[in-house]
Amino acid sequence: MTYIIDMDKMAVTRKGLKFILAGVIVMIAGFILMTGGSSSDPQVFNYAMFDWRRLVAAPLVILAGIVVIVIAIMGRFDDKEDKR
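In terms of our numbering, the numbers along the sequence shown are unbroken and rise by one, the last being 64.
Keep in mind the hints are simulated off the structure, nothing from the lab.
Being a predicted model, the structure only gives us computed values, none of them experimental.
For glycine and all other residues, C-beta sits at the position ideal for the given N, C-alpha and C.
A hint or two may mislead.
Ranges of calculated distance between the beta carbons of each label pair, as one might list FRET restraints [said to hold, decoys possible]:
#1 Arg(-6) with Val36: 30 to 38 Å
#2 Ile53 with Phe11: 34 to 42 Å
#3 Arg(-6) with Asn26: 43 to 51 Å
#4 Ala37 with Phe57: 43 to 51 Å
#5 Ala44 with Gln23: 34 to 42 Å
#6 Val(-8) with Ser20: 41 to 49 Å
#7 Ser19 with Lys(-5): 41 to 49 Å
#8 Ala37 with Leu1: 35 to 43 Å
#9 Ile5 with Met29: 35 to 43 Å
#10 Arg56 with Asp31: 37 to 45 Å
#11 Ala37 with Val4: 12 to 20 Å
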């Protein structure tokens, strides 16, 4: 099978690319967790923006996505498909 990109010459394997995609999805989920907490009236202070989800959980999920991406780039994965 011919590929547009030759996977034998890439530094990141196919499994590594899947991990990078998973890390990006985890990071997007963290940014989604961080949304919200706005107020319709700018004169009224909304304490919902200091929620535990926005201050603690969302940054930890984003950091977890970054760690997954770093492991995907730096790690060595053996693809069974490439061992013909």
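Which numbered conditions among the earlier hints are violated in the structure presented, ordered from lowest to highest? Per hint list: 2, 4, 8 and 9 violated.
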